[in-house]
Structure formats: structure tokens, C-alpha cells
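> Protein chains in written order, with UniProt numbering: chain A, 1 to 583; chain B, 1 to 351.
Keep in mind the hints are simulated off the structure, nothing from the lab. Note that the structure is a prediction, hence the values are computed from the model and not measured. The reader is advised that the hints may include incorrect statements.
Said to hold, decoys possible - In silico DSS-like pairs for lysine-lysine, Cα to Cα no more than 30 Å straight-line: (1) B/K124 x A/K24; (2) A/K395 x B/K235; (3) B/K158 x A/K87; (4) A/K154 x B/K124; (5) B/K137 x A/K101; (6) A/K105 x B/K124; (7) A/K23 x A/K6; (8) B/K260 x A/K38; (9) A/K450 x A/K547; (10) A/K82 x B/K137; (11) A/K6 x B/K262; (12) A/K425 x B/K137; (13) A/K101 x A/K82; (14) B/K260 x A/K395; (15) B/K260 x A/K464.
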Amino acid sequence: MHGRVKVKSTAQQEEEKRKEREKKLKAFVSARDAVLRKRSAGEHDEEALQLTQQLLSSNPDFATLWNYRREVLLQLETSREKDEVQKLYESELHFIEACLKVNPKSYGCWHHRSWVNTRLPQPDWTRELGLCDRCLSLDERNFHCWDYRRVVVKESGVSVEQELQFTDRLIGSNFSNYSSWHYRSTLLPQLHPQPAPDSASNTSPSPTASPQIHSHRVCEEQLLKEYELAHNAFFTDPNDQSAWFYYRWLLGRAEREEMISCVYVSRERERVSVAFSKPVHAQSEGLMLVLDGQPQQVEWRSTHPRLRHSPVWLCDLPPGSVSDISNEHNLTVHWTEKYTHRDCALYTGCAESWCRDSATDQELFRSELSVEKSSVLQAELQSCNQLLELEPQNKWCLLTIILLMRALDPLGHEKETLAHFQTLKEVDPMRSSYYSDLCSKFLIENTILKMEYAEVRVFSLSNKNLTTLCHLDQLLLVTHINLSSNQLLRLPPQFAMLQCLEVLEADDNAIESLEGLYHLPKLEEVSLRNNQICKLSDLESLASCTKLTRLDLRGNPVHKTANIDSELSQLLPLLCKSQAFVV
Amino acid sequence: MGTQVKDVVIKPEAPNTLLLDKHADYIAAYGSKKDDYEYTLSEYLRMSGIYWGLTVMDLMGQLSRMNREEIIEFIKSCQHDCGGISASTGHDPHLLYTLSAVQILSLYDSINVIDVDKVVDYVKGLQQEDGSFAGDKWGEIDTRFSFCAVATLALLGKLDVINMDKAVGFVLSCMNFDGGFGCRPGSESHAGQIYCCTGFLSITGQLHQVNADLLGWWLCERQLPSGGLNGRPEKLPDVCYSWWVLASLKIIGRIHWIDKAKLRSFILACQDEETGGFADRPGDMVSSLWNLSHTILHMHIYFACDFSRTCHSLYRAYHSLRYILASVIYFHPGGSFPHSVWCGWSVFAGR
């Protein structure tokens, strides 16, 4: 049905075609009706095999016929000796192979073949592997065949090494080899696993992401060899996108250790804010709060109703438990599901306190670099730069250079990175939005790093063509944020994680939605001049920010609303009138 | 030595406006000529075909042109004793067509014409030890079926009958190095499977487990110079992949990573001006219902603003579709799930 070119033909040709089809249709309908009649009559015999054979050869997607065929075969099994059953199913395999020649991509065919192998007294896995080899030599991207091959390999005990060598051959000889690289990514962790972590910190299995996805599951020695393999592929053909995809996987960061990144306590609000290394659903994680040695009965809530899974969770301490500033307190949050915890001391005279592993501590935005890995990546960066000189328009190369620079030294390469992103948008304009968002992410990462080095709680990223926000869980402690003169469209629900935020400047963007300005307990000043806030209802969530005293909405469509002053004072009654927006 | 990018070239005389009336006529007439060759040969997926056709007619505001009573009777005749529903009379039940049937009945607000409890039992009974779902009693495992299972149960308000943790665990075990998903653990990433898995994870409230930036990149790299989308690297563009890729991007919040204008012109160029319908790619034979429904659906997701200016009924359809998508993305398991929510979705059926 797919991939047939439309060719205009004469009236006579049309008529001939029509007659031909009518004939075919009649034959099909009569065979189909005969088969279904037989089946209704409960007949499971050779004739049924013949009739279904006719139909399935050219209609392998007619699934019910495969089902009928299986019923017949099962029935025939009961009256045959083992060696006859063997022959019966071997001949079935011949039939299936004939079908596959006509249609190598029929789910029904491949599934039936798998089923036949479960019925064969003596399956011949060597033959099956040969079939896969032949099929893949005709079409290396046939995923049905690859999936079947994986079953054959498992059943017949072909070694992982052998299969890795198989991918070596295919990758070396063919351009369209994405399937081979993919297969490789699944084989490596089996053959060269990363040594298991200390069992004391090991957790019970949970539904987390597949082992395939994380290159750290492959031991470093092997990983570094893989760089060379991919590198050779895209140096031979810089447009071999498969190798570039694979390379990006190699550059990927390890899955973060599951832990509590930060605990923040506010004496005034008697509230605890907890940041986790990944989004969680607090109620399912066995969280326990201990205050001065006493477990506390608390209710955990997310920072925004839309965030059922979130990296940041809040709870309120029993009233009066920490409010007296002359008292010192010790707080511990236990994450019992992951056998980890974090302490936080709230000292006398301190209104707030926190304890955390910073982004720098966790090496969040760069690779963990052993000496060996660092030198390999440096060499790779050099080579890619050489390639770029030869192919200045190659987007894969440009992007990979950016990723290499970030793996090695995100801050040191910032200027070059921005320049490369500019070039990327020029040579690959269809994906401009992607590059803008990715660049925004990297700028945010760098700003977080700079903020941490400076040991301040001010996040400033204005006039940087920011198109999106991310890593907002890293901004839990930030008091002042400046996002002015960018291209942001919204302050998403995740913005509600900025529990310490006092001042927000986000003038000169294209912001339409303020969903994330929700129950921000310390937010006092908000400047949103020259954005796209259109309706009063867009401001509703601000009512939950009870400390808000300044709101600048000049230059937004909403400020043209009739009686905007009185409307706003109804919507946001706590807003100090004299300090409100200016009409 | 350099690889040529596999792609098509759009001819200047290709259509560049949406020929909606032709498409509506095409569907309304489809199947009325029951002696049609392709119609008969596609009987093995009839239930899904009906679903795609109805959805598209509904989006175009012309659902009333379809024969509701006839279709409902047809569905009733396709439910088997085990509770499962087949593609057509005389065919065997399967999860794919069980979902399509439930979708159609939801669209027609007539879910109780079939034995709902039995459908639920049928679906539940297909879950395996490892959390995966078989398509039917013959045991083929595929993440498509995980999607069919939860979509069916969500529409019936019965997600709680299956082992959710294991179902999620199985789908996540199919995540690959590139952030995408395949049929089974170890299978290569493919746009159709990615649609099924991201759809599954959306319904089950587990989208945070997806690496949206990585997967979004893989998905936006499906767009070729012609503007069309392929289903995986180094393949030709195909209009149906526009649906799966676009829907997946929408689910993970990255739809703006595709060049909208270029995709639009590719799709319009796939139209057959004579017969109505869409071909896989400009110049090919029309692949009837499959492509048409997928195309109209995704054009509504992405280009609906254009339609609102041309036709009032489409504007209404656009709003319902926006609600649909918002519901899917923010779906909370256990909450009520509007029946119209699946107007915008179709099932990746074998072909």
C-alpha cells in the first residue's frame, strides 16, 4: 500500500487494470469465504493449510489466517510422531520464508516463525541465524529481522562478542547502519559492564530507565575505544548521521546518584523545602522528617498542582516548633526508599538554613573526567575542529564540538559555544528552535555555575536570547532573578520551585503565562514590562503570592483592560496600591 | 565518499492548499463500493479503518455523513466471548481492534452496547508477568499493545485493573540509547513505537521518565530538507510519520522543534487533487484512509490556527482537539477521562 508511484495511464490501460483487479478480487473473496466457512465448521485439516497458504502468500497481514493455521498445526501435532511433527514444522518454515520474500516486514509472518520454533522438537538455530544474515544483507534496517535475530541469539547461545563482531562488519561496510550502532549500544553494557557500586548503597529495583540509555553502564576503558570507532565512521563519511547519534550517546552523562540534593529550612514560615536529584512522587518514597531526634508527622506537597512528580517538595513543621530564633535545631530528611538522608542544622539567630551538594559538587553540567578520559576527549575535540575546517557547514560536527566542549569545560568554552550555535542556526535553519532551546539550557547551566562560584543567590541572565527555562530545581535558594530582554514565552509550573525568590525581573520577553508564579512565599517584587500578558485571568496565580507588593505590567495587552486598576485590586487585594503598575 | 540524504523533491505544481471537501467526499464514499479491491483486502483492519475515517470526519464537522447505526451494529457483531473485539466479522479478536472499537463507541457516546466488563477482563488477561501486553492469545509482545491496553482502559475508566508498576517498567525497559523506544527491550527506536510509548507514559503519569531533550532532538531530526518527516534515520519521508513524530513531540512538549511551514507544504503536496486523500509522499499512490486521517489529525494539532479562519466548524474541532491534547498531556490516572479525548488519536496498526 505504501511507496507506489502514481502513473497516469490511458483509458484502455485503466480498463484493463480494472478487469484484472475485479478478477483478483473475486478469487480472493471466494478463497477467503471458503476458509472462514471451514473454520466455522471446525475443520482442522490439510485442506485448511492449503487454502490459508494461498491467501497468506499475498496477504500476510490477514492475521486471523495465521491463527487458523496455528490451530490446524496444533491439531495435526496430536496425531503425529515426533519426527513427523519435525517435518510438519520444517515445511512450515519453508512456507514462512517464501512469504517473507514477498513481504519481509509482516508482523504476522515473523511472529508465526517465532511460534513455529517453540513447537519444533529440534529447532535449528544456525539455520535461523543464516536467515537473519540473508535478510539483513538485503535490508540492514529491517527491524523485524533484527528483533527476530535477538531471539535466535538468545536461544542458541551465540556470544555477545560474536554479535559485537557482527556489528563491526556491518558498520564497516554499509552506510545505512543505524540499526547496527543501536544493537551495539545494547551489547556493550552486557560485555563490558561498569563495575557494580557498593552494595550498601544499592537500592531495590524500581521502574527506572533502561540500562541501554546510560553509557556509564559501560566500563570506561571500552567506552573510550568506542569513541574511536564512531570517530572513524564519521571521518570517513561526515554525513553518516548514525555515527554522530552514537557519539552523542558516548558523551552522555552518567545517571545521577539518587540523593537529596538540598534541604532548606525557613524559620519564619516553619517550612522545609527538599530538592531531590530527580523528579519523585513524595508520598511513594518513604520520606521521614526528624526534628531534634523526634520523627515528625508531616504532609509533603509539590510546589505546583501540575507537578505530580517533581524534584522539589515542601512540608510544614508543627507550629511553634522552630519559630523561636534563640533555639538551635537539627533536622534530618530520610529518603527511606533509597537508603539516604540529609541533615540540616538551623542555628541560633539564623532565620533560615540549608544544606546541599551544589551543581559543581555533583559535576552536574560536565562529564566526570578521569585523566584518561579527559585526554581522549581533548584529542577528539581537536580532530573535530580539524574536520570542521574541511566541512564548515556540517551541523553534526558543529553540534558535537559544542557537546565536547561542554563535557570538558562548560565555562571556559562559553564564547565559542555561542558562536557555534549561531552558525548551527544558519546551516540548519529547520532546527533553529531546537538550537535556541539547547543554547538556553547551556547558558542557564553556566549561570548556575558562576552563581555558585561567586557564592551569591542572584541569578542574572538577561539579553541572551533565552527561549526556554530549565534546571529550575537548582534555583531553590535564589532570592533575585533577572531574565529581562529574552524570548521567553512563559513562566512554567516549575518556576514555583523558586521558594526563596524575592525579586523577579522579566521585562521585555514574550511571556503569556505566569503559571509558575504560584505560592511563592517570599516574592515581593515582580517586573513584567513589555510582555504578552493578555487577560486578567492570566494573573490569577499571583493572588497566592501573599507578600507581593510591586507589580509592573506596563507594555502588556492586559493593561489596556477597562478599569484595570480596580480589576487588579479585586484580583490581588494584598498588592500595595501605591506601588502597583503604572497605567 | 558521501551519503546522499534520502529525501523527495516537491514539484512546483504540487497542491498548496488543503482540499478539505475532496477529502471529506473521499471518506464518505469509502467503503460504499464494497466491491472495491483495496477495501476488501484491508478487511483485516476494518475496525481501525472505521475509527480513522470517523475521527477525520468529526474533525471536519461532517460526522453525520457516516452511518452511525450500521457501525454500532457492526461493532456489536465483532465482540467475541472472551470479551475481545475483532477487526471485522469472522476475524479473531485483538487488542488493536478492541481499542479502535472502544474509541469509536466513545466518539458515539455508546460504549454500553458492548459488554464493557468483558472488554476489561480481556485486556487485563493479556498482561504478562514482566508487565508487557500480548496482542492476543497467540502471545506477540509489543509496546504498541501496552499503549492499546492503557488507552482502552483509560477510556473505560478502568486503569486500576492492571499491574501499573510492571506495565510502566516494561515500557521503560524499551528505552534506547537515543532516548527513543522500540517494540520490545532491545528493539531499535521507531517513530510509531515512540508515539505508543510516550502516549502510554502520558496516560500513566510517567512522562518525567522520558529524556525529553534527547528524544525531542531525535524526533526533530526526522525532518528532511523537503520538509517531510521520516520514521527513523536514513529513511524516506512519509506523511503518516508526520503524525507519529508530531504527536510524540507534542506529548513531550517539544513540538516547536519542527519547522512548521516546511512540513505544511510537504503535506499539502501529498494530496491527490483528483481523488482526494493523501499519498505517503508527493507523487505516490494515495494510501487512502491511513494517511488521510493521520494527516488531518496532525494538521489540526499544528496548523489549526489557519483553519479557524477558513471554516467555522473546523474552528470548533480545533478547540476540542486542543482540549484533547491538554488532557492527554496532563492526564491524571484515576481522574475522569472525557470520551471525546481520543478523537485526535489513532492506533499504529500492522500494515
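> For every hint, state whether the structure bears it out.
Verification of the supplied hints:
no.: 1; hint: B/K124 x A/K24; in the structure: 40 Å, violated
no.: 2; hint: A/K395 x B/K235; in the structure: 19 Å, holds
no.: 3; hint: B/K158 x A/K87; in the structure: 46 Å, violated
no.: 4; hint: A/K154 x B/K124; in the structure: 28 Å, holds
no.: 5; hint: B/K137 x A/K101; in the structure: 27 Å, holds
no.: 6; hint: A/K105 x B/K124; in the structure: 29 Å, holds
no.: 7; hint: A/K23 x A/K6; in the structure: 22 Å, holds
no.: 8; hint: B/K260 x A/K38; in the structure: 53 Å, violated
no.: 9; hint: A/K450 x A/K547; in the structure: 29 Å, holds
no.: 10; hint: A/K82 x B/K137; in the structure: 25 Å, holds
no.: 11; hint: A/K6 x B/K262; in the structure: 23 Å, holds
no.: 12; hint: A/K425 x B/K137; in the structure: 51 Å, violated
no.: 13; hint: A/K101 x A/K82; in the structure: 29 Å, holds
no.: 14; hint: B/K260 x A/K395; in the structure: 20 Å, holds
no.: 15; hint: B/K260 x A/K464; in the structure: 25 Å, holds
Checked against the numbered hints above, the structure violates hints 1, 3, 8, 12; every other hint is satisfied.
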